[in-house]
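Engineer: Whole structure, please, built from the sequences with the hints as guidance.
Protein chains in written order, with UniProt numbering: chain A, 1 to 289; chain B, 1 to 289; chain C, 1 to 289; chain D, 1 to 289; chain E, 1 to 289; chain F, 1 to 289.
Derived by calculation from the structure, the hints in this document are not laboratory data.
Worth double-checking, as some hints may not be accurate.
Any copy, or any two copies together, can satisfy a pair, since identical chains are not distinguished.
DMTMM-like cross-link-like pairs, simulated, lysine to aspartate or glutamate; straight-line CA separation at most 25 Å [claimed, not checked]:
id, residue 1, residue 2
1, K198, E225
2, K54, E226
3, K251, E226
4, K54, E194
5, K6, E245
6, K16, E226
Protein chains: 6
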Amino acid sequence: MFYHIKELQYNAKPEKPDPVYAKKLQEILGGQFGEMSVMIQYLFQGWNCRGEQKYRDMLLDIGTEEIAHVEMIATMIAQLLDGAPVQDQEEAAKNPIIHSVLGGMNPQHVIVSGLGATPTDSTGYPWNSRYTIASGNMLADFRANLNAESQGRLQVVRLYESTTDPGVRDMLSFLIARDTMHQNQWMAAIEELEQNQKAIVPSTFPQDLEKQEVSYSFMNFSRGEESSQGRWASGPSMDGQANFEYDGSPKAMGQIPSLSQAPAYIHDSPIPGTPPPSVDKANFSQPNQ
Amino acid sequence: MFYHIKELQYNAKPEKPDPVYAKKLQEILGGQFGEMSVMIQYLFQGWNCRGEQKYRDMLLDIGTEEIAHVEMIATMIAQLLDGAPVQDQEEAAKNPIIHSVLGGMNPQHVIVSGLGATPTDSTGYPWNSRYTIASGNMLADFRANLNAESQGRLQVVRLYESTTDPGVRDMLSFLIARDTMHQNQWMAAIEELEQNQKAIVPSTFPQDLEKQEVSYSFMNFSRGEESSQGRWASGPSMDGQANFEYDGSPKAMGQIPSLSQAPAYIHDSPIPGTPPPSVDKANFSQPNQ
Amino acid sequence: MFYHIKELQYNAKPEKPDPVYAKKLQEILGGQFGEMSVMIQYLFQGWNCRGEQKYRDMLLDIGTEEIAHVEMIATMIAQLLDGAPVQDQEEAAKNPIIHSVLGGMNPQHVIVSGLGATPTDSTGYPWNSRYTIASGNMLADFRANLNAESQGRLQVVRLYESTTDPGVRDMLSFLIARDTMHQNQWMAAIEELEQNQKAIVPSTFPQDLEKQEVSYSFMNFSRGEESSQGRWASGPSMDGQANFEYDGSPKAMGQIPSLSQAPAYIHDSPIPGTPPPSVDKANFSQPNQ
Amino acid sequence: MFYHIKELQYNAKPEKPDPVYAKKLQEILGGQFGEMSVMIQYLFQGWNCRGEQKYRDMLLDIGTEEIAHVEMIATMIAQLLDGAPVQDQEEAAKNPIIHSVLGGMNPQHVIVSGLGATPTDSTGYPWNSRYTIASGNMLADFRANLNAESQGRLQVVRLYESTTDPGVRDMLSFLIARDTMHQNQWMAAIEELEQNQKAIVPSTFPQDLEKQEVSYSFMNFSRGEESSQGRWASGPSMDGQANFEYDGSPKAMGQIPSLSQAPAYIHDSPIPGTPPPSVDKANFSQPNQ
Amino acid sequence: MFYHIKELQYNAKPEKPDPVYAKKLQEILGGQFGEMSVMIQYLFQGWNCRGEQKYRDMLLDIGTEEIAHVEMIATMIAQLLDGAPVQDQEEAAKNPIIHSVLGGMNPQHVIVSGLGATPTDSTGYPWNSRYTIASGNMLADFRANLNAESQGRLQVVRLYESTTDPGVRDMLSFLIARDTMHQNQWMAAIEELEQNQKAIVPSTFPQDLEKQEVSYSFMNFSRGEESSQGRWASGPSMDGQANFEYDGSPKAMGQIPSLSQAPAYIHDSPIPGTPPPSVDKANFSQPNQ
Amino acid sequence: MFYHIKELQYNAKPEKPDPVYAKKLQEILGGQFGEMSVMIQYLFQGWNCRGEQKYRDMLLDIGTEEIAHVEMIATMIAQLLDGAPVQDQEEAAKNPIIHSVLGGMNPQHVIVSGLGATPTDSTGYPWNSRYTIASGNMLADFRANLNAESQGRLQVVRLYESTTDPGVRDMLSFLIARDTMHQNQWMAAIEELEQNQKAIVPSTFPQDLEKQEVSYSFMNFSRGEESSQGRWASGPSMDGQANFEYDGSPKAMGQIPSLSQAPAYIHDSPIPGTPPPSVDKANFSQPNQ
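Structural biologist: Rendered as structure tokens:
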């Protein structure tokens, strides 16, 4: 169960409105790696958690914090939209600045939400739950979380540098700091889990059932071998089970596929010499007679 | 530019058809973490790569391999659909097995694709490009890749145990092995990048611009403190810059939000005492006169 | 069955082109609450109607009218796009007005539809049928309809004030008037239905099967009790069955959730002390041997 | 800012697993009118609220409660999935019951989420934010909310009757009761708002600017006049401004549309006699010379 | 403007209910090539038509007919759903037939639409307007239409053979016949247009501006030359302008791509030796001071 | 299996950056008829092909070429984004050109992809696999392909004329030429297939099972008969089986639909006189007792 308190987790006070920037800021609210994504992702990982209680608790802690981040950014966007221009073409044409603001805004911020934040990204595309992942395997999911926080902090930083509004930058400096913590947090949790299991997810599948001759081989599918220079091409593998190999010209190990002809009821293009289809006509009179 | 050779990378030969399993196998073809996702993800990361050539080459190598994985699974699915039953309700009712196969199949495998694989997941939901990520920051993106390969291998393993068909298991054992390599590969690449930069993405943002007092603090937003027991709650932070702290009862640091009243042209519910709206009527005669 | 006549239901004649406004006008054509939504919603409610014939007839009357509204707006948009500028960056840079028009237009209006209306909203997002509702329960659905007409009229009014083109305003004044009728119509139909049944949807579920102790209680989940001042917090309930109560500090009534451990075939992160997974290996030789 | 407590708002304890029912129960978690929809809808309406504080407070109260409902249903689904069968075709064929369970389950509940709830509906379609509405106009939005709670309670009731599991029914009886309250609540809030403004949304648009001759007229667009028998066809209009009229054979009031020819750069099919297009060739040498 | 008459264009009377088939029949109602797609496609092509009036009229004729097809199929589906079983797991387990019907139905047909048709396809995926095309170029669009009618008739035929219900087959025999007409119709219209212009769309682009050396060359990108045996590999081209050539080993004609380094504000992974980023810090005090 | 070579198929070298044009160019990369669509469409048609080997080979040849086209356009977009402006509102306001560029860009090109191409269209909408078709029937699918290449070439031509950058135009002149070939190719393949079968897809359905009296009749559903003037209204049908007829006033051939009342468990609005619903209450005590 959840409770709400009226104060924001941190200040969301822009110095002045900026509807074009409001459109951009939507990316970290309702975008692929926005706060809605991590909020739903952490909450579902927590609710579905079948592991130790401390992980469930931790997931719900951070999931609950992310609701507060959504709240902060939504509040900021509403204020950035204060006084957005709504003018006709002809009037606006006299003032290029207003005109370009009208062109650069998200029109739904006026027409649909009435100067409020929307659960969409910076192009107006709605948030959807395929952005999130909760597989039940914590090591897999914590890697998803580390990815989400890495992409997220990167985007906030890019937005920080796209404005000079001190109030907006102040709020973003808080989010950037929390993302510093959250990247650290998932790295810590990953390290802890890897101490209890092998590094390859899932660690519980018997490795002798996999096709082991290609388990540690880097395959070069391009002309040229620049890819042989990386850590992934030689030396001990990261899971400590083998050594990396570099296969400069990998061979096909499979058959040339040849599918059998489709049955009559599929109605593919007929092949000359093929017998006619076998529609069951016997049981039916002609249509509508 | 790309070339195709007719042999598959590895065998895709089921022992016998199984249209219900074909529906499930679609998950690793066109699902969120299926082969189409990593194929598009690695190719776009490679094409957009502005870093060292060896990374671009490596990305396009593995992206090209993934096209071959899509090819293998598509071929497998088409064969699992051979001879799928297409019968009327009454006939099927006499044979519960056939009836439950008809109910458990994806109907589009007959109606739409004519016994062919579709670029969709196991519920029939179409693949879309929001499954992929290519941010330009390689450390961020390689974490996305490690996540994708972790989720992917987990799903293949679950599918492996949902069938006993030796031919299907043979192909999956190959994919599982490649995913072992690919998890290793991204871990190796991540390690290499972290040697050249700090662990927090992006590493190039001046840390004194972030709100540093919350950069290493775990905030407890639940009643109860199980979450204090993890590696993330104490000890040195993973980026080596500070120590983790546990904040058992985090305080709100922000304002109580209070949005200003909307302008007249937004047409919110009127608030008693508010002046009437100011629609520009002067320039217009009544409509259609 | 349907027939078409060539005249529009009402005039759709803009005074002059305005491609930036054409992009905005798409919202009421193909947006969440645009004319396509109500057209499909009313037609499906009518076709699925299992109630009295007068409701089916009424639904198909208004559904048929909405096709004509889609036609009017599509025609208007095509004319607003007449002569949309298509110029290169360098030329446009010399004329800020043209440049901002190019930036503010929907590029698909040139590239994809060739100066025609598209079945999308003002951000270019395609219309989809999850915007519509037809549940079979008419009271529920007429509330959906009243909502759709309320959001719709609100958006048309906002668009009316975003242009000064007399021809556009003339057409919108017609749509606004029809929305006045349609809000009235659904309120009338709701009133009529509520005379034959109770106000709570569905009225046919035996109320003694619901957890009645929380059926009329407003629960305060925020710090502070401003929400106690509303009509919903005291006095007789709207369905006339009880009195509203205000629960200032609602208590959790449920268990602390604790999920059982996942079976081996799910391959969650292993928990120390857990026995190894039980993959069925006996029936299979090693892969590909 | 938000806090979490570990107890559920109400019990979520199924008597025994039922993976086919778990798939259905997803509808009220992640469907169009599931708990995620009302949770996001109320929270955004609250965060964007520019009206009186008591409305903002009320919206955030109920929005916060809905997070707890999502939590309850997610927890229930995870338990209904305990011990879901994962078997191969051949084994299952021997047991029709198991086979039909395998066919009737959502395969992603095993492959993707590992026996956890997913933020999707009963067909596996992901939740998306176009399900929600927050327009800024409270009367419009409260009608949306009344609609959402009506559709929601209807669906929960249908699900109640699709199971006999006492634990599931117990939880659903709680949700049904809360939906009784929430329908009452929105009706109360709507009544309160209508006392401060006119019933037609938005009430602030000057009615003399709409095309008033069609503002209270029901138009019959079908052959036959059953629709004349409803409350909407005669008597005083619901907003008290006029009387309903029934227009048995509405006439077209608009022009026959005739679009002007597209400019050359659109490359429509040429019309005989039309001059050739005017591609700017002068400034360019032939390609790649 | 449109009118409705109450009779269906053709009979829609199933002999008996079949909820599993109802789910399949949704494909031709709300699928990619269902009747909703051609209805919206033809109407928008007609409304956007800037060519001769006879084309506009023809498009609106067939678009109007398609509304009637949607009506017929929706009516059929509602009747196929009559008496759909709604039972609990335990009861159903005693009757494998009922159990498999429950598993094979679309659960939304009970929970969401209350035994009514939904604007979705056979997997429950909602219809969306990206299924349609209206480019303004009639030759291009009529090819889209010929494609849509070809896919559509193919799907109806596959559905015809999946049932033995005489009433369903009767309705489908009507739709199949209309699709025969509609394929003929678009072939006729294409032939007519090609008499007024060249066959390559768009015909109005000056051909000397294209890279003509590759305009008639089939490029072999696979190992093996089976593809040289087709009509496309030799002989006169279909537009009569040249002869087809077969290029057995096409060469790359482009550069090796090398992107320049990203600017500092993009925050890519740093490259050793690169100068640090240049965030504008001078104008700002430290955050929140 | 696939291989990559580092050279592009053709040059992708813009003369200078143009981030607004980069947004537009996305249409032919990730739009409905962009290169990703034909790439996936041809590959799946090839992988699913059950016909002669020469068709499979041809499909995989062209599918493989399309991967190279995606590569070229992605590379071009990345270069057009070089040096995209990232500035705050106030600075930009001083320079209208920069301001309108900021408004006209896709914000995700900075925030999300870091100056890289994205798998989306010109409005930012993500590519999805419902854009593609692979039905198994080659004649049907080749018509889909001819449509895709017609729409595609039309869009490339419109983009060609929207820029004067010689490097961009050079690349587009290559794509236009290839689309000339590809339209020719599909026309040739269609002609070849039609020599082996009848022109109506599918040709294998016995025509005496369709409702033949409407198989060659054009039905006029509009007031006015302009549509009678086309090739489709008279003369021999294109399949050579009959003559076209023009039905100036088509009659309804079906019943007036009348659905039976819904069962109690659907909980429609009650109809006066209907008995109350029959919820199974006997087996259950009151909730939570």
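Engineer: Hints first: check each against the structure and report whether it holds.
Structural biologist: Going through the hints against the structure:
no. : hint          : result
1   : K198 <-> E225 : neither (31 Å within a copy, 28 Å between copies)
2   : K54 <-> E226  : between (45 Å within a copy, 5 Å between copies)
3   : K251 <-> E226 : both (19 Å within a copy, 22 Å between copies)
4   : K54 <-> E194  : within (16 Å within a copy, 29 Å between copies)
5   : K6 <-> E245   : between (58 Å within a copy, 23 Å between copies)
6   : K16 <-> E226  : neither (50 Å within a copy, 29 Å between copies)
Comparing the model with each earlier hint shows violations of hints 1, 6; every other hint is respected.
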